[in-house]
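Chemist: Listed here are the chains, written in short residue letters.
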Amino acid sequence: MSGWLRARRIESVVEAVGDTPLLQLRSVTKNAPDVPVYAKLEFENPGGSVKDRAALRMILDAQKDGRLTKGKRLIDSTSGNTGVAYSLFGAALGIRVTLVMPSNVSQARKDIARAFGTEIIFSDPLEGSDGAMRLAKKIVEEDPDRWFYPDQYANPSNPLAHYYGTGPEILRDVGDRITHFVAGLGTSGTMMGTARRLKEHHRPIRCVAVEPDSPFHGLEGLKHMASSIVPPIYDPKLHDEVFPVSTEDGWDMADRLAREEGLHVGHSSGANVFAAVKIAERLQAEGKPGCVVVIVADRGDRYFSPLRWEKKYVW
Amino acid sequence: MDTIVRIPAALRTLTGGADEVKASGKTVGEVIEDLERRHPGLKDRLLDEKGVRRFINIYVGEEDVRFTGGLATELKAGDQISIIPAIAGG
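So the protein lines, in turn, are chains Z and G.
So that you can map any letter, position 246 of the first sequence is 246 in my numbering, and since no number is skipped, the others follow by simple counting.
So that you can map any letter, position 27 of the second sequence is 1027 in my numbering, and since no number is skipped, the others follow by simple counting.
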């Protein structure tokens, strides 16, 4: 139980990032009783999502090498969780923050970011996250000296946070047992950094990237690579398999996790766990041993508005 | 009556890249049927057997049709329809 108890005295909120618990799922995995599936609970980070890791490292690395100096404003495009993380650390470290996001991002995310004093610029909802990225770039180009633009899609500190954090934590907590690692692709930072570390392990670990099965989907935070601007940090050779998941399967698994496991997670995490459970069931059916670790990126309460959780919700 | 329908980036492969298309109908539902005739495949992306997909919002002007009668929402001359994902990826 020690992973659940953060009985440590810390000096700054930034020290609360990482070292998240690994929870063995009990109910949604009942068709694969011999293949444990562990969920890495990234919502335990202080900003409530896996994005705390990347955001913090991007800020600290930039402060170290002089890209982020006093008086500069941080700006980036984000659909939410990275924005919450920037806002939180910006407030804690005395950095002013501006975020560019499509105006259809959930109200809760906008409100959370604003609670930390962050300025938000909205981009056209019809253009999606790629439109937010283009607008952020344009704003920076107009006055480059005013801004520190981490560009989470292209910043090597993003995957490095997982190479030095998420990957070693997983190996420490399950060690040699792990056979499969499952994470969704957004910026791809989580998969790139963690996979790079896991591939250095002396035993092979299969890395499975979850992606929406269609360009027009309802799995917020995930990217359909074939129809998106491909992030410069993304290297498809680092994962062994791409696992497409439908919006409905992701949402339904998110509901099951809440009702059966007491884990109220976001839809992208529902999609990740759906893939992890399918992999475990496949191993079980083939009579192969296995141990699957899957990323749970954030909590479900961030999506209450404008999305509806009621499955029978009909217009 | 032709209505202008604004198409999100993720669906423009179905409209030959156009961000606005025309379709006719007296209600939102009729416009979607006409969109399907002009741009096959669109309807399936917008609707499932229960109605409008859970993660999609359809606006007439500034009004979410969820609150104005759903697919039966009637259109006036000059109305503009926007199809907006309830979420933003990335």
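Bear in mind the hints are in silico, worked out from the structure with no lab data behind them.
Just so we're clear, the structure is a prediction, and the values are computed from it rather than from any experiment.
Incorrect hints may have been included.
Said to hold, decoys possible - Stretch-level coverage of chain G by chain Z, calculated; a stretch enters the list once three of its residues show a Cβ under 8 Å from a Cβ in chain Z:
1. 1016-1030
2. 1053-1061
To be verified - Looking from chain Z toward chain G, a few residues come up when the C-beta cut is under 8 Å (computed):
3. 215
4. 218
5. 246
Note that beta-carbon positions come from the ideal geometry of N, C-alpha and C, so glycine has one too.
Chemist: Work down the list of hints and note, for each, if the structure agrees.
Modeler: Now the hints, each set against the structure:
Given as covered by chain Z, the stretch 1016-1030 of chain G fails the check, having 1 residues with a CB less than 8 Å from a CB of that chain where 3 are the minimum. Restraint check on the stretch 1053-1061 of chain G versus chain Z: 5 residues with Cβ-Cβ distances below 8 Å, three needed, restraint holds. Satisfaction of the interface hint for residue 215 of chain Z is found here, the shortest Cβ-Cβ separation to chain G being roughly 4 Å, below the 8 Å cut-off. Hint on residue 218 of chain Z holds. Least Cβ distance to chain G is approximately 3 Å, under the 8 Å limit.
Hint status for residue 246 of chain Z relative to chain G: violated, with the closest Cβ pair at about 11 Å, above 8 Å.
Hints 1, 5 from the earlier list are contradicted by this structure; the remaining hints agree with it.
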